[in-house]
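Asks: One letter stands for each residue in the lines below.
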Amino acid sequence: MVSLLPRPRPMRKLDERLEFASTGRSVLAKVFPDHWSFMMGEIALYSFVFLVASGIYLTLFFEPSSAMEVYHGHYRPLEGQEVSAAYASSVRLSWDVRGGLLVRQAHHWAAHLFIGSIVLHLCRIFLTGAFRRPRELNWTIGVTMLILGIFNAYAGYSLPDDLLSGTGLRIFNSVAASVPVVGSWLSFLVFDGEFPGQEIIQRLYVLHVLLVPALLAVLITAHLAILIRQKHTHFPGPGRRPSNVVGSRVWPAYALRSLSLLAAVFAAVLLAGGLLQINPVWAWGDFDPATITAPSVADWYILWIEGALRLFPPVEFHVFGLLVPNQFWPGVVLPGLIFGGLYLWPWLDRRWTGDRETHHLTGSPRESPLRVAFASAMLTFLAVLLVAGSEELLVQWTGWTVAAVRNVLRVLVFVLPVVAGLLGWWLAESLRRSGLGHAIELGGKDLLAGLPRRRRADS
Amino acid sequence: MSRPERAPRSVVAAFLLSALGAAGFAASYVLGLGNEALGGCLGGSFAFLALGLARWSSLIDAGEPDYVEERSVGPTPQGQYDAFRRALTEQPVPRSRVLWGALGTAVAAIGGAALFPLRSLLPAMGTDPDDVLAHTPWRAGDRLVTEEGTPVRPSDLEVGGTVTVFPEGLDPREHVDTTTVLVRVDPADLRLPAGRAGWVVDGVVAYSKLCTHAGCPVGLYTDTSRQLMCPCHHSVFDVTDGARPVEGPAPHALPQLPLATDGSGYLVARGDFSGPVGPGWGNH
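Chains as they are written, first to last, in the numbering used here: chain A, 1 to 459; chain B, 460 to 743.
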């Protein structure tokens with residue numbers, strides 16, 4: 001006999017097996033606080049989703065091999081020339097695979113957006129003190145993902161075996177070899193012998209498409225699991241306490257807004273991929289170890305190291321009979337100090353402020369002039385290094401010699417961060433004392449009040 | 460929560476435009492239109508999707524209050540935590556240092572053994588990277604040839620001319636450390652270090668083309684100042700003075716290749732470079 005009851009719907013069937021409805025209901029009712037600055041991490045997440053999706057498509061056409069082959073295809077200047085399979089397949093992907101150029105360019109733009117949004121996310125966390133107890137662990141996971149992101153972007157940029165990326169790899173090789181005691185072994189481990197080696201593209205490829213993305217996926221999962229467990233911080237306001245979260249529910253408002261952000265990220269990288277040319281490898285030519293293009297400018301997330309390599313004075317010396325090469329300081333020590341400092345910041349901050357409390361309500365940046373000063377100084381330092389990394393443009397613009405520009409930058413790289421740090425402190429202190437909403441509302445009086453007060457001799 | 464009775468028109472319109480963009484992408488693909496059409500259509504499709512969803516969620520937001528969810532702030536109560544500790548440490552087998560020590564030894568040994576295959580990533584046994592880096596394949600009597608394999612006579616170069624050369628018979632792409640730049644200058648201008656007078660033929664000097672800073676080819680030659688410059692980090696070397704660094708971050712001179720001519724008048728090397736080529740390394 002046919003049942004007259006309505007047939008169980010698929011969701012109900014699943015619930016009969018998994019009994020998820022009550023958990024599901026509490027998930028749907030979970031509250032997320034709303035603030036525009038909380039979206040940076042989401043943008044990074046959705047860029048990663050796009051990177052994985054577009055990257056899988058690219059792997060189906062790219063050949064990670066330095067074996068030589070003859071190119072045949074639509075890019076006429078290369079027709080019949082013998083180039084590496086990696087380079088030939090990158091050019092084919094751009095000229096002969098329909099839709100390939102869009103995916104390749106959108107993938108590259110998404111990498112910029114991924115790292116850029118991580119940097120902005122980090123700035124938000126840093127300036128509002130959201131890294132403090134109990135979120136130190138998630139801070140260190142975030143810093144690790146930034147390092148992995150930069151490394152993977154660099155590895156991906158190096159794969160097409162074009163003239164620019166080959167030059168970048170050569171500099172990377174020199175920096176790896178500069179590590180004391182193990183330098184040459186490290187360089188040989190990466191390159192399978194003396195530069196350029198035969199294996200580097202294959203090794204970078206495995207790191208780029210498998211190992212690092214898998215690590216990132218694990219870390220993203222941990223990052224989000226900790227976030228959900230601890231619940232997001234929120235800013236002070238009516239009814240907002242350390243012991244609650246005030247905002248939108250996951251379903252429907254928050255979910256729809258977040259999906260909108262996902263679509264916006266995809267829209268941005270696809271429009272950029274379609275309309276803005278990026279890294280035209282066919283124009284650079286294939287890698288020829290004896291040749292170089294001038295100017296050769298790296299992508300911004302690595303360009304600050306290039307800038308440091310240019311500004312560092314020509315110093316090298318021996319310690320216990322071992323050479324400490326010049327490129328060791330700007331290439332290894334500087335990034336080590338910057339990322340090491342980032343890792344340790346929650347504990348350094350705790351030491352300097354004496355603040356060991358648990359924080360779920362985070363403040364405006366002005367509440368810690370120290371952090372505003374430090375962030376301004378650090379970002380200015382990196383900005384000067386970025387300028388040094390593209391000093392050719394400055395030489396063209398000013399008409400000065402390279403040496404003159406470099407000497408000016410060598411001074412500015414120390415002076416400007418100090419100035420920016422002091423200005424940052426002043427602005428934060430003025431805002432804190434005046435209680436005004438925005439820096440633009442500050443008057444002369446407020447700014448005077450923000451200056452460090454002299455201790456009065458008569459009191 | 461008050462929901463609008465009718466479907467909000469702006470949201471519906473945005474979603475339909477999104478569908479239209481996707482269809483445009485498919486059509487552009489079939490018609491073989493350019494990258495701009497493909498990216499514009501698909502990007503536009505996602506943009507309208509984003510606008511529709513954003514508008515929809517803001518309509519919902521307008522009717523919704525701020526929700527509040529409680530958050531637990533303290534650690535687990537002591538009693539519960541102690542119970543967890545007990546559950547973790549109560550074992551059917553007595554707690555024994557020897558037992559745990561033996562397990563630790565096994566795990567460490569497996570971990571250590573797993574490192575051995577990594578050695579296969581390095582060049583074959585018996586190859587010492589320091590040796591490899593310290594020398595190049597240049598041998599006395601090797602002819603200097605261009606990338607196309609043509610041997611070079613001193614007279615092939617004008618004063619002020621340069622050419623990049625490699626040892627005859629070796630693949631320049633594999634033996635990058637042999638890359639050499641020849642420059643012809645007026646012999647009267649040369650102020651080479653002592654003992655190198657015989658390394659020059661008719662004003663033709665040969666230096667390693669790899670910058671001693673980060674290994675880029677020093678590809679830019681300026682004849683008026685007789686300087687070689689590296690375009691990567693702008694180190695400058697004085698060709699007349701043993702390629703001594705005069706500007707930029709390069710810490711030492713480009714090694715020089717001693718030259719002679721063979722019976723047919725072609726340039727040959729008299730041996731390896733005057734020092735290791737390229738940048739210094741950390742265990743040198």
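It should be emphasised that the hints constitute simulated quantities derived from the structure, not laboratory data.
Among the hints, a few may not be true.
[As the list claims (entries may be wrong)] Which residues of chain B face chain A? A few of them, derived with a C-beta cut under 10 Å, are: (1) 592; (2) 628; (3) 631; (4) 633; (5) 699.
We put the CB at the ideal spot given by N, CA and C, even for glycine.
Asks: Take the shortest C-beta to C-beta distance between residue 699(B) and chain A; is it under 10 Å?
Replies: violated, 19 Å
Asks: If you take the shortest Cβ to Cβ gap from residue 628(B) to chain A, is it below 10 Å?
Replies: Cβ of residue 628(B) sits 16 Å from chain A, so the hint is violated.
Asks: Identify whether the interface hint at residue 631(B) stands, where standing means a beta carbon of chain A within less than 10 Å of its own.
Replies: At 6 Å from the nearest chain A Cβ, residue 631(B) passes the 10 Å test, so the hint holds.
Asks: Against chain A, with CB atoms and a cut of 10 Å, does the hint on residue 633(B) hold up?
Replies: Residue 633(B) check passes; min Cβ-Cβ to chain A is 8 Å, inside 10 Å.
Asks: Once the shortest beta carbon distance from residue 592(B) to chain A is found, is it less than 10 Å?
Replies: This hint holds: residue 592(B) lies near chain A, its Cβ roughly 6 Å from the closest one there, short of 10 Å.
Checked against the numbered hints listed earlier, the structure breaks hints 2 and 5; every other hint is satisfied.
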